[in-house]
Structure formats: C-alpha cells, structure tokens
Amino acid sequence: MSASQNLLAVEIKEAKRNFGNVTALAGVSLEIRAGEFFSLLGPSGCGKTTLLRIIAGLDALNGGTLKIGGVAAAEIPAHQRPVNTVFQSYALFPHLTVGDNIAFGLRMKKIAPAQIKERVAQAMSLVKISDLAARFPGEISGGQKQRVALARALINEPQVLLLDEPLGALDLKLRKELQVELLQLQRRLGTTFICVTHDQEEALVMSHRVAVMNAGRIEQLDSPKNLYEHPRTRFVAQFLGSCNLIAGNVTAINADALVVATPFGVLGAGRRNSSRPLTMGGAVTFAVRPEKLTLLAARLADQPNVIPVRVEDVIYNGAETQYRLRCGDHTLSAVVLNASHTNGGFKPGEEIFAHLAAEALVLLDD
Amino acid sequence: MKPPGKLLRGTALLLYFFLYAPIIVVVIFSFNAARYGVGWTGFTTKWYAALADNPLALTAAKNTLVLAATSTLIATALGTMLGYGLKRFYFPGQKFFQSVLHIPVFIPDIVMAIALLMFYELAHHWLGWFELGLTTMILAHVTFQIPFVAIIIQARLAGLDPALEEAARDLGANEWQTFRRITLPLIFPGILAGAMLAFTLSLDDFVVSFFTSGPGSQTLPILIYSSVKRGLTPDINALATLMILASLAATLALTLLQRKKAVHK
Amino acid sequence: MTKPQKNSAAGWRPLLISGPAVLWLTVFFFLPLATIVGISFFSRSDYGEITRPLTFENYQRLVGFGFLGFDLLYPGILLRSLALGAGTAALCLLAALPLAFFIARLGRCKNIALTLVVIPFWTNLLIRTYAWQIILSPESPVTRALHWLDVGAAGEALYPGWLALSLGMVCDYLPFMVLPLYASVEKIDWSLAEAAMDLGAGRFQVFRHAVWPQILPGALAGIILVLLPATGQFVIPDLLGGAKTAMLGNAVQQQFTQNRDWPFGSAISVVALALVLFGLWLYRRKNGGKEIELA
Chain A
1 MSASQNLLAV EIKEAKRNFG NVTALAGVSL EIRAGEFFSL LGPSGCGKTT
51 LLRIIAGLDA LNGGTLKIGG VAAAEIPAHQ RPVNTVFQSY ALFPHLTVGD
101 NIAFGLRMKK IAPAQIKERV AQAMSLVKIS DLAARFPGEI SGGQKQRVAL
151 ARALINEPQV LLLDEPLGAL DLKLRKELQV ELLQLQRRLG TTFICVTHDQ
201 EEALVMSHRV AVMNAGRIEQ LDSPKNLYEH PRTRFVAQFL GSCNLIAGNV
251 TAINADALVV ATPFGVLGAG RRNSSRPLTM GGAVTFAVRP EKLTLLAARL
301 ADQPNVIPVR VEDVIYNGAE TQYRLRCGDH TLSAVVLNAS HTNGGFKPGE
351 EIFAHLAAEA LVLLDD
Chain B
367 MKPPGKLLRG TALLLYFFLY APIIVVVIFS FNAARYGVGW TGFTTKWYAA
417 LADNPLALTA AKNTLVLAAT STLIATALGT MLGYGLKRFY FPGQKFFQSV
467 LHIPVFIPDI VMAIALLMFY ELAHHWLGWF ELGLTTMILA HVTFQIPFVA
517 IIIQARLAGL DPALEEAARD LGANEWQTFR RITLPLIFPG ILAGAMLAFT
567 LSLDDFVVSF FTSGPGSQTL PILIYSSVKR GLTPDINALA TLMILASLAA
617 TLALTLLQRK KAVHK
Chain C
632 MTKPQKNSAA GWRPLLISGP AVLWLTVFFF LPLATIVGIS FFSRSDYGEI
682 TRPLTFENYQ RLVGFGFLGF DLLYPGILLR SLALGAGTAA LCLLAALPLA
732 FFIARLGRCK NIALTLVVIP FWTNLLIRTY AWQIILSPES PVTRALHWLD
782 VGAAGEALYP GWLALSLGMV CDYLPFMVLP LYASVEKIDW SLAEAAMDLG
832 AGRFQVFRHA VWPQILPGAL AGIILVLLPA TGQFVIPDLL GGAKTAMLGN
882 AVQQQFTQNR DWPFGSAISV VALALVLFGL WLYRRKNGGK EIELA
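Protein sequences, first through last, are from chains A, B and C.
Going by the working numbering, the letters in the first sequence line up with residues 1 to 366, in that order.
Going by the working numbering, the letters in the second sequence line up with residues 367 to 631, in that order.
Going by the working numbering, the letters in the third sequence line up with residues 632 to 926, in that order.
Source of the hints: derived by calculation from the structure; they are not laboratory data.
The C-beta atom is built at its ideal place from N, Cα and C for all residues, glycine as well.
Please note that a few of the clues may not be correct.
In the DSBU-like style, the derived pairs of lysine-lysine whose C-alpha atoms are separated by at most 35 Å in a straight line are [stated by the list, open to error]:
no. : chain 1 : residue 1 : chain 2 : residue 2
1   : C       : Lys818    : B       : Lys372
2   : A       : Lys176    : A       : Lys225
3   : C       : Lys741    : B       : Lys372
4   : B       : Lys461    : C       : Lys917
5   : C       : Lys875    : B       : Lys595
6   : C       : Lys818    : B       : Lys461
7   : A       : Lys347    : A       : Lys173
8   : A       : Lys225    : A       : Lys347
9   : A       : Lys16     : B       : Lys461
10  : A       : Lys292    : A       : Lys347
Some chain C residues close to chain B (C-beta under 7 Å, calculated; not the full set) [unchecked claim]:
no. : residue
11  : Pro651
12  : Leu664
13  : Asn755
14  : Ile758
15  : Arg759
16  : Ile766
17  : Val907
For reference, chain A alone in the conformation it holds in the complex (with noise of 0.2 Å):
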C-alpha cells in the first residue's frame, strides 16, 4: 500500500443525505490522502456516521459525489468496494468463531483454504488474538471483541478501513490501550484509517487529520495541533476542549495586529488565521483557552492585555488547578500546572490579575 501524500484515498464533493425531513449531510466536500488517519468528530446526529456508511456503501448520498482511490464508487454496491468497516457493536456474527468470523471476507472472495488459513493466522496473531480462534463471540471479552473485528476487516487488506466509534464500547483503560495500539497499527500498515468518533482525545491522539462536523457540516477540517491551537469557529473551539470566548469590537486596525473593546478592558490581538473582513467598530470572538491565561499576584507597570480579576472558584484537580475569575458581570476560566505554582496558587476571594497574551487570543470566523 503505498503512503504517498500524492494519491487520495476518498474524495467526496458536496455529499447530500437527507433522512426524511432531517438533513445529515449538507453538502460535505472532502479530500482523504491514502495513507493517512483520518478521524471525522463531532456530536451525536452531526452526520459523520452518515458519512461513513456512504463511503461503506451501507447508505446512498442524495447529492453530490464519491471517489475511492480514484475511482466514482456511488454506485458500487458495498459488497464491491475495496473498504471494510469495524462497526460500533462491533457486529461480529454470533453463530461463527473467532476464525471463521475473520475468515468470512476471504471466503467470499473464494481464496483457496490453505491461504485463508494462512492469512488467518497472520491477521490474529496481528491483533494478538492467536489463541482465539475456536471461541464464538459470546465468549470472548470486549476488547477481544474489538480486536476480532479488527482483524476480521484487515485481513481483506482494504484500501481504506473505516472505524465506527471503534473504542466507544470499552472502559477508559483499555481505550487509552486501545488508541496507541490501533495508531502504531495504522502507521505500521500504512492503510487510510477513517475513524468515526466522538471523542475529542481520541481524535487528537490517533489522527493525521481531523475533520470536525456540526449539523451536517464540516466546521474545521486540520492537524489536531491546529485544531486546537488555531480553532476556526466557535463550535470547533469549544468542542475540542474547554475555552473562554471573548467578544467585542474593532477599535484600531493595524497591519497584523487589531485593538479590541471587550467587557474586559481593551485588548490588543494578532489578526492572522483569520478569514473574515475586519471592518472599525465590527464585531468579533476570540477563543482563549484557559490554560494560556497567566495568573499574577501583582500587575507589572504598562503591561498590556492584563485585567484585573477576582477568583471566584478553585477546583483542584491533581496535575492543575482550575479557576474560575470574575471581572464585572463576566467570567473567565483559567487552568494552572500545579507544579508552575510558586506560591501554592490563589485563594476564593483575592484580587489578582490575568494576562491575556496577544497570540493567545484566537481570532473566530463567527
């Protein structure tokens, strides 16, 4: 399988799906590169199942089109397309072993017995299921299920595999086990990974790319990194994590930095990632995240961008400490390593500061 940047794995233009009166998808364009981890996020009912099982050939696009590895695949029954799917239930068959559940795909393809027999092996002992092979499904744990249904889409060697909430089943564990075995599985075969998950840190860790989807959109398509760094929209910036969203308007508009009226004091702000028109007066939201706010006892002279506040809330937390800040009738929350803490952090009640450093300020599209 080749893992060139060049080829793209699935290529979808303005994918339409309505269920009824309900839209899934409202026009979704998206280029998949082979070789990559690809992980679409999102909410429940935001349509990245929908997508999935329209790459899957499980459900049919009302609009719109679809390529799999160069070729127009709308029209090719399931059953014909070089993709195999690991379900959410994992639906292995019930009245089949562990073996012959991994075998099926071969055996419809009519593979000679020796090979499958062959390939079976490798495909378990791949997953590290080898002593699996004459047990049924109803007595194996979940995640030997997981693996079985791994095993039982690879060994078909698809071009593409797709991964419905792949961890979603397990306990919080064996999902973090889980997440590193599948991305060094990924990267070891070199297979495009298309994961459905709603799950931001599974998103961030396993993938190349991520696709956030709201409402049968795609509101950011980028690196976790970016994602999270660089969130384009409101929703992108609040799905993926925690952050404070800041409104206000355009007091002064220089060549890469902006000067904001904020409920907060004004504030000076980078201006680049944004895609928007800047307009004097215009309102604009930044995203900060509350890790990137410093905390001070004391305001240093002429320093910019730091308001006054009061703590409201502490929560500790372990490796941070949460806190939650009021400034007149708005709040702000900050996150501080513990470990970072000099004086053994704030109290409720005192009087600090928080610095809002310009390149912590993200800049929304909406």
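Start from chain A and add chains B and C according to the hints.
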C-alpha cells in the same frame, strides 16, 4: 422478588391441576377395561392393541401426518419468505398487508372454514377445480399456518442487529450470500419454532379440516369428533393418549433445542 | 446512529420473496372472505341453493326481524356469544393473575413453570374438551362431589350446560392469558409498590395504583387473545354446551350442515368476522397503533 407465599402456591397448584385434569383423565381412562361409561373396572392395554386393527384409525393417522407434514413444509417456506420480505423489502401495499396479517390469526376457525368451503364449492361449480379432499385440506392448512410462521420470523428478525447483515455485505457478501451465511442461520431457531407451531396447528385443527375434507380424507381430529358425537369408545382414549404423547415429545424436543441455542448465545 | 436500511431499490425481488405468500393468502384467505360477504347478500332457494334476489334479509334476521315477526333467536345467539367470550376472558384473567405472580416469583424454575402452562396448548383441543365429558359424567367422583354440594340433579351428567362450558373454555384459553400477563408481571417495577406502601397505601390500594397499571398492557393483550377466538369458538360449545347454549359458531355450522342456508350462514360468519375486526381495531387504537405481540 420474594418467593411465593402459601396461599399463592396453593392457588397456583390448583390451577395447574385444573389445566392438566383433562389430559390426565384421558390417559387414565385409556387403560380402563370398561367398555361403556366411566366406572373403573380394571387395568388393560387392550384398547391400544385394538387401535392397530382399526383401519379407520390407521388411515386417519396417515392422513393427519401427510396433511401436517405437507402443509408445514409449504407454509414454513412461504411464511419465512413473507416474514423476511415484509421486514426487509418495500413493495406497494406492504403496509396494508402487514396490518391485515393478523386477521387470519384471530378469525374464528369456523368462519375461515366455511369461507374456504364456499370458495371451493363455487370454484368447483364454475371451474371444476378444488374437489374436496386431502388437497383442499392442505391448501386450507397452509393458509392459516403462513401468518403464524411469518409473525414468528418477523419477531426473530426484529431481534437481529441490522449491523450483522451490513457487516456481511461490507465483507464482500452479496445479497444471497448474506442471507444464506448470516441471516438464515441466525433466524433458523425462529424457522424451526414456526414450523413446529405450524405442524401443531395442523395436528390440532378440527374445524377447518372438517369443512374442507372430502370422502376418504378423514383425519384423527375428525375421527375423534365423530366418535365423541356418536358416544365415546375406549379406544379413542388410547388414540388420544398417543396423540398427547406425540405433542409432549415434540414440545420437549423444541424446548431442549431452544435451550441449547440459548446457551450458545 | 445506525439506521436500519430497507432495500427500497426493489424491482422484482420483493415480489419474488413476499409474492408467493401474498398471492396465497389473497387467493385462499381474502378471496374466500370476499366470497362469503358476497353470498351473504343472496337468498336461499327452496332446494338450498344460492339464488337471487339480492337482499339484506339475512342481516335483518340476525338482528331479530324474522319471517314471523320479531324473533329473539339470533340476537340472543349474538349476545350469548359475546357474553361467553367476555365471561371466558374475565375468568381467565382472574385465574391467570395468581398463576402469573406465582411463576414470576419462582427462582430458577420459572421457565419450567411457564412451559408447564404452555404444554396443554400443544395438545389437541378436541381431546382436552371431550375429557370434560368424562370428568362431568354421572358416575365421576367430581360430579358426585358437586351433586353433594347441590350442583345439578343427582344421577345426571353436569354437561351439557353453562358449568361444563365455562370449565372447558377457561381450561382451553387460560394459557393465552397467562403468557402476556406473565410478560408484564415479570417487568413490574416493585419499587413503585414499595413507595406506595411507604406512603401508607393498603394492600388493595397498592395493587390498584402501583401494580395494576403496570400489568394492564399484558392483561389487555391477554383479553384480546382470549375474547376474540372465544366469541367464535365452535367445538367447545358444541361438545359441552348443548342446544340451550348455541353460539355463533354453532349457528354457522347449523346453516351449512342441517339447514343448508348458505347465504344466512355466510351472513352470520360475516358478523363474527366483523366482531373480530372491530376488536382488533379497538385494541390497536388503544395500544397506540401497535399490533399484539404474538411471538
């Protein structure tokens, strides 16, 4: 939940006894030596021996089995297809058909019986088809068996995770292969239960058989009915006991079979 | 999120799969029903044949306007059949309640106890019915005991009659009531009953307000499963009921065997069918459009 109290236990036992009283009585009296009436005059197995020499009973038994086996085969095939078709495919009038599928289940036997009789009579009168006999009985039995089988299959399909069939398609199975390799094995216990029910309904049926039978196609229930009408003879009790035994064995087999499947799951 | 998908691509395939059974039921069920509806508007010739003129007379006879003025025979049969169905359903409900609770409270033996209720259903109805003739015959201990209690005349059988009929009907239909009722009883949320008890409700009040509403769906399904077939039952009234308790089913049979009045027999059948359809329709309306679960 707490275990049943004394009063509840007593009432329940009494009700069980009530349910089984007729069956027990028939079995006991099949061993009664008395030729007339119900006075106990001694133990005998001669009525069973008498059955073997009763050509009417033997023919009726043969007819009953042929009728039940043939109708069950046809009804199970058609009913399974109908249950699957109604659940998985759309066709015009499907909703309507789904909603009228319950009518044959609830219609009084006698109404169905005479409707079929009238239909056969008219078709015979005008077209010369449907001479009353074993064939018309088979046609009639299949008719009341189909809905039961279809309903059981539908229930079984409703309990099936749709992702299983999707997974099969995803793994390269075409529609037929998906049905053959995945759907069919998974609904097989339902098919078996449906066939079993269809077979029992056929064995049990008297009313429809009575009206759609012709000369020479007497079945065991018809034979029992006419004996009861004429005045019971003790060999009928022996016959009934054998029939009870057969149903009991079949029920037991089905229960065990389903339990085995359940363990498997 | 997964939406079950119906293959609506259609073409000839659904027809091939559902078609044979649909065709079968159309020819051998719906067409015959249409036939008797049609016949019910014809008249009977002197030789017992179906003949013109088309008439409503058969239905008029059923509601009491006979040849010789007002005649209560057929309205009586109609009401008696409904009473038999309703009475059977009521008695079955009364008997099924303790059985359902008993089974639900058993531990591991639940399934066996439930199977024991179903087994009689699998044995032939005719056999279970004529057995009551034996049980209620003059010399049987049961009959003697009942005579001693002043039930029936000494030396005579207790059938045919209402007592025999009721016993036979309840014995036959009880499993149909127990199964759906048990399914509801199994699912009862007892914390509601405990809460009611906690709030000072008496035993009856607890049952009435905390338990009964929870088993009502099962009871309703059971009532339909008993009431509809019981109203049209033919064999049991025929063997245990006798002439004084002729029911719809017996009336139909009489028109087709002794009287050879096919149009009138058809009319009675159509009314019986209408009753069943009305019952099913009513149940579906009350039950939010859902069918009765049989499987």
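Decide if the proposed pair is consistent with the structure: lysine 461 of chain B and lysine 917 of chain C, CA atoms, cutoff 35 Å inclusive.
-> Holds - the C-alpha atoms of lysine 917 of chain C and lysine 461 of chain B are around 20 Å apart, at most 35 Å.
Pairwise hint evaluation, lysine 372 of chain B against lysine 818 of chain C, where the allowed Cα distance is 35 Å at most | 23 Å, holds
Do the numbers back the hint for valine 907 of chain C, that is, is its least Cβ distance to chain B under 7 Å?
-> 5 Å, holds
Going straight from one Cα to the other, do lysine 818 of chain C and lysine 461 of chain B come out at no more than 35 Å?
-> 30 Å, holds
Does lysine 176 of chain A pair with lysine 225 of chain A here, judged by a C-alpha cut-off of 35 Å?
-> 19 Å, holds
With chain B as the partner, please determine if arginine 759 of chain C meets the hint condition of a C-beta pair closer than 7 Å.
-> 4 Å, holds
Compare the distance between the alpha carbons of lysine 875 of chain C and lysine 595 of chain B with 35 Å, and conclude whether the hinted pair is satisfied.
-> It holds: about 17 Å lies between the C-alpha atoms, which stays within 35 Å.
Under the criterion of a CB-CB separation shorter than 7 Å, is asparagine 755 of chain C in contact with chain B as hinted?
-> It holds, given that the least Cβ distance between asparagine 755 of chain C and chain B is near 5 Å, below 7 Å.
Hint check: is the beta carbon of isoleucine 766 of chain C less than 7 Å from a beta carbon of chain B?
-> Holds - the Cβ of isoleucine 766 of chain C comes within 7 Å of chain B, reaching about 6 Å at its closest.
Compare the distance between the alpha carbons of lysine 741 of chain C and lysine 372 of chain B with 35 Å, and conclude whether the hinted pair is satisfied.
-> Judged against 35 Å, a Cα distance of about 17 Å means the pair holds.
Go through the hint on isoleucine 758 of chain C and say holds or violated, using the shortest Cβ distance to chain B against 7 Å.
-> Holds, because the Cβ-Cβ distance from isoleucine 758 of chain C to chain B comes to roughly 4 Å (cut-off 7 Å).
Does the structure keep lysine 347 of chain A and lysine 173 of chain A at a Cα separation of 35 Å or less?
-> 34 Å, holds
Figure legend: structure checked against the earlier numbered hints; every hint is met.
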